[in-house]
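4 protein chains.
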Amino acid sequence: MGSLYGENIKLTIFGQSHSPAIGMTLEGIPAGEEINTGTLQNFLNRRAPGNNEFSTPRKEDDVPEFISGFIDGHTCGVPLTAIIRNRDTRSGDYSELKNVPRPGHADYTGAIKYGGYQDYAGGGHFSGRLTAPLCVAGGICIQLLEKEGIRIISRIASIGSVEDKGPLEVSTSEKAFPVVDDECGQKMQALINETKEKGDSVGGTVQCAVLGLPVGLGDPMFGGMENRIAQIVFGIPAVKGLEFGKGFASTLLKGSENNDPFFADGGRIMTSGNNCGGILGGITNGMPLIFRVAVKPTPSISLPQQSADIRTGTSAILTVKGRHDPCIVPRAVPCVEAAAAIAVYDALLGRRKEITNGSAGLQENN
Amino acid sequence: MGSLYGENIKLTIFGQSHSPAIGMTLEGIPAGEEINTGTLQNFLNRRAPGNNEFSTPRKEDDVPEFISGFIDGHTCGVPLTAIIRNRDTRSGDYSELKNVPRPGHADYTGAIKYGGYQDYAGGGHFSGRLTAPLCVAGGICIQLLEKEGIRIISRIASIGSVEDKGPLEVSTSEKAFPVVDDECGQKMQALINETKEKGDSVGGTVQCAVLGLPVGLGDPMFGGMENRIAQIVFGIPAVKGLEFGKGFASTLLKGSENNDPFFADGGRIMTSGNNCGGILGGITNGMPLIFRVAVKPTPSISLPQQSADIRTGTSAILTVKGRHDPCIVPRAVPCVEAAAAIAVYDALLGRRKEITNGSAGLQENN
Amino acid sequence: MGSLYGENIKLTIFGQSHSPAIGMTLEGIPAGEEINTGTLQNFLNRRAPGNNEFSTPRKEDDVPEFISGFIDGHTCGVPLTAIIRNRDTRSGDYSELKNVPRPGHADYTGAIKYGGYQDYAGGGHFSGRLTAPLCVAGGICIQLLEKEGIRIISRIASIGSVEDKGPLEVSTSEKAFPVVDDECGQKMQALINETKEKGDSVGGTVQCAVLGLPVGLGDPMFGGMENRIAQIVFGIPAVKGLEFGKGFASTLLKGSENNDPFFADGGRIMTSGNNCGGILGGITNGMPLIFRVAVKPTPSISLPQQSADIRTGTSAILTVKGRHDPCIVPRAVPCVEAAAAIAVYDALLGRRKEITNGSAGLQENN
Amino acid sequence: MGSLYGENIKLTIFGQSHSPAIGMTLEGIPAGEEINTGTLQNFLNRRAPGNNEFSTPRKEDDVPEFISGFIDGHTCGVPLTAIIRNRDTRSGDYSELKNVPRPGHADYTGAIKYGGYQDYAGGGHFSGRLTAPLCVAGGICIQLLEKEGIRIISRIASIGSVEDKGPLEVSTSEKAFPVVDDECGQKMQALINETKEKGDSVGGTVQCAVLGLPVGLGDPMFGGMENRIAQIVFGIPAVKGLEFGKGFASTLLKGSENNDPFFADGGRIMTSGNNCGGILGGITNGMPLIFRVAVKPTPSISLPQQSADIRTGTSAILTVKGRHDPCIVPRAVPCVEAAAAIAVYDALLGRRKEITNGSAGLQENN
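Residue numbers (my numbering), protein chains in the order written: chain A, 2 to 367; chain B, 2 to 367; chain C, 2 to 367; chain D, 2 to 367.
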């Protein structure tokens, strides 16, 4: 039951790489929310294939059709469903993969899980193509969050061992290659091109920050912001690691170094560092929520690879055909933003239930 | 709604550090499962406070009382509830913290979230003490998994910059300091002692492996094994990072290096490396499921720290009283095992729903 | 969050009466299940409008398009999504209803709930048209249950005060007017026609039986078969009552009369009556699961009715235009079967999780 | 997974009739809500056994101990857990029932479901005793609703064929025998006594009304108020039927009779009848929410009954020992109120998520 996410909103993602359509249903968005479809399309275009030299040449216009929940530019309160037709499918490219799984892919695990009835074409439901409906849902949540003064920014933090420089403070979404330091970006692109020419692929990391958050989003224990973001971010194919704030590097610090001191700024409580990534006890503390995601190198490469035939149980050499990205990291950037937006919006709705007349008590910033 | 976990089992954790009791309810365990309470107690003792020189001197015997679901050593099919009484509470130690939050702790976020009605004593529901009921649930799941031939092992992988050596292949659970290489363990302990003497704290990482898994556990998208494990592991206080298999280091590899080649071994399909950590497309591939967790340095330190009074909005210097661990990592080890066991057992039950007479098709290893 | 149902399957229903399409997503159906689309269409046709003289003349062919989860006649394990395009929409008929709600309808409650942003055309998401995707999901579950030897039968038990005669023992699904006693059916049809001519409407009851159930489906407390069936059956528009077995009439009996005695038949345990409707403690006892549903008279009638303008707060006389059924009961029959099938199939999957090697114990008699 | 209820709050009920304790966890109640434990105890006493001549002589003081989530008379935002110790248990009374199930009880279905590992003593988790924690949760929700101006009243509507007279307009909770017309109450009590003397039992109906509701609670489809109330009310043992407003009797009316006309009263929209029981399209319309519940005669009677030995597969005569109510209806009254309060409070929290700055539009009563 993997394709359902959320506590206060319920997101369902459906479709396969080569099924008639892919899509999403988002239930729980209040009625009367305006959604700008042009802005949404701009966001989707950042993820769409065929946009730049590093992505698969598969062409899909990826224009969602809203078939439920959307009238005259506004939500009407009932489930919001959008579908995207799959057009440029070449299932023939994948026929070999039914029996000889691609290393690093879900071909083998899907075949066993689904007893041979899996949709192997193009990776089926496991395909990166399914991040398109994720971005539809996320693009909507981004618009809803912006009305609350919450913004999500992100960047490619590294490709292979080439790291971006400088802090992530402003959006990189207008850039064709979303980094803070364009010189670093040039080096990353050179690395991707070099790798592509060898028929190989390369991974990287994406950093994301959520700005303008109120204090108090998230819940203790399994409902912390880390848990909520993790549950959705690991749903993006190829993500194998996640850390918040200082993350793994915090283990090299002493408590006295890692703790972010509080201070009062005109009555408002802030921290003078942000090693905790804006989350304490699972709950937002009003500072930027920051996390970093590890994206493994695209498993689909054109070099011959060692595999095995799962029906005959014999070894086999596989050369993957089809069209693939030498580096999925640039296209993962909007997906990470989408995932963050969905998780944060879900937590924001949950927070509304808590604020009662009864709890007259303590409030943020006074 | 953070204290509820699971899809096929439902785990609820309740209680606060200084409430009358803490406990857990686990629904969905089939009837007739034998649970050895002695084995469970041994597991709980690995986490219990006061056991060694690095942990808080707070003494709790941590013996769970089963008040529901358990008869004559077996589950009876209905919700399994166990409670642990809190005995050695010294709430007075915490009175200052109501207004002046400890840096790195949930004191501030809890105060705002709960409008001043939070239980601040001992960290309330955010306390590491709440990992005791997590370990009750996890210790039960470990026993249930062992009947299916699935074992969970783990170790301290690093303390500060001191790393354990050698691969994690056998259990370290019998050791007082759970590392593979005891010489490394000595260095880690020296570092902890040295840090303790300075009134400071230190973090580290825990590595965990799940052995003997069938192929096919987990679901695509948000129900992947990564997502499931992440959602529970980030519920352990102080966890700020998580990676599967090669994780962040995979971003430094090429696809041709990172992909784990398949081979057939007497008809069984295996991989010749395990960079993917036993998970492809969110689904177990039959190889060991491996992950690593970053545990930040304990935020409670005895050094004076900069904080602020959240009622007056003025700065304040805080010296934390109370009893605290200079390094939480050793006690986090069984918690990580518990979390993994709960996530895996939940996925295992989910897998049972899929195996039908209808799906005559392909099976693992034949 | 009303449009999501299920514990082991997750059913989402989306769309409005006059939106571009309506549809459903069903997650959790195992891979490799064959679905006969012809059989499914026959089932859908029983609910479709325009089939007989009592139903709305709105014409919709109601052929679902499977856009996810379905390949070569089999499920492939991922979310199963089907959509049905809305074609014969006449939104103009409904413009008056935006401000003057139809008595007995959701027009008013929807307007307030959704703050004026509701889709009022044709009842929006509240329309009986949304039972089409319910029947898609139910028709699929019926096929899956039949493979397990479980069959669902039903009938019109009454229209107004005209009751069907004889016990419900065989399917009435082949009949144009699904009753056991056709003479009673003639009287019912006469009553409907007579009511229709007056511009009025009439209600009735539907009885449903699930045959061939194993012992042990359902859970105690809120997961009983009654609870599960109730949660879905009250989702069919116009349903205002539900009873299991003897239901309300059992309150007129003594315990000695109402208790169904057990007896052993060649080792198999059965009951000699079925006042409990096949459910004891929420759990199936192996006898037919029987329930009865009250369907109120269709609220849309062509007689002028007293209403009020919700914007001006003044009284108004409403004459409902549009096309409506004088009696919704015949079309509710397949909907009730669909609802029962979904609830039972969900419980059946849940039962699979319980049957373990460990629970060697007692089994249902074989 | 039956013992978990709710969407915006999560209620878990645990324990068995003769386990060390029974209890409940309620997650999702905002922090800072005052709970008057004296008022709660008064409510619990209405349900407690041993209070009058019709109920089982089993004596339990039924005083809940709050072990989590409750400090200084207020909720603190984390899971609220209360336990009640079982004291007056006489498990020996039930030993025969392990193999020879009581007709009308869950003994047989529980035995098969749990493979012989069920807790048969006193009905285990299926016991009416488990309504005590339900009433703890419900009693809390009643207090929370009252702060919002929402009140729940109910009465015994019938015992056997003796009906209460007059409309349910004020609370009957102060009465020892909760009916509107005390003369009818006398006849009901005479019938119960007469039945008790014969060693038999009798059923009845309970009517419940929720007053002071805002418009807009509940959701379409499976989240309607009918669905929500049904899912919890059928969790009360012995409930076999449920109807809202006119319910089954509405099927005897024409649409023109059954539709409740709207009218405007000083700008406020109301209905001039309430056949719909205050619910249209699953959503509250601001009129009283009214429903009626059928409670079957207590299955435990002292008359000898026909049963069967489920291990030997032979017939057997059973004479039930133990202590039982000749009529459970009076004690069901507070349970029905509790169930209604939990369902309504859950829906009320859900409604908070919908009311946004964005939805500037239409509001109730202006």
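Careful, some of the hints might be misleading.
Distance condition first, Cα-Cα at most 35 Å in a straight line; then the derived DSBU-like pairs of lysine-lysine [what the hints assert, rightly or not]:
| # | chain 1 | residue 1 | chain 2 | residue 2 |
| --- | --- | --- | --- | --- |
| 1 | D | 11 | B | 354 |
| 2 | A | 148 | B | 99 |
| 3 | A | 99 | C | 354 |
| 4 | A | 322 | A | 99 |
| 5 | D | 255 | C | 197 |
| 6 | C | 148 | C | 11 |
| 7 | C | 354 | D | 99 |
| 8 | D | 354 | C | 99 |
| 9 | D | 188 | C | 255 |
Anything over 12 Å on all C-beta distances counts as not near chain A; from chain B, calculated [as the list claims (entries may be wrong)]:
| # | residue |
| --- | --- |
| 10 | 42 |
| 11 | 46 |
| 12 | 154 |
| 13 | 177 |
No lab work stands behind these hints: they were computed from the structure. Quick caveat: nothing in here was measured; it's all calculated off a predicted structure. Yeah, the Cβ is synthetic: ideal placement off N, Cα and C, and Gly gets one too.
To see whether the hints hold, each was checked on the structure:
1. D:11 / B:354: Cα-Cα ~25 Å, so holds.
2. A:148 / B:99: 33 Å, holds
3. A:99 / C:354: 30 Å, holds
4. A:322 / A:99: Distance ~13 Å between residue 322 of chain A and residue 99 of chain A Cα, so the pair holds.
5. D:255 / C:197: Given that 35 Å is the threshold and the Cα spacing comes to 10 Å, the pair holds.
6. C:148 / C:11: Holds, because 21 Å separates the two Cα atoms, which is no more than 35 Å.
7. C:354 / D:99: 24 Å, holds
8. D:354 / C:99: Distance of about 24 Å is within 35 Å: holds.
9. D:188 / C:255: Between residue 188 of chain D and residue 255 of chain C the Cα gap is close to 16 Å, so the pair holds against 35 Å.
10. 42: 23 Å, holds
11. 46: 23 Å, holds
12. 154: 20 Å, holds
13. 177: The claim stands: residue 177 of chain B keeps its Cβ more than 12 Å from every Cβ of chain A (closest is about 21 Å).
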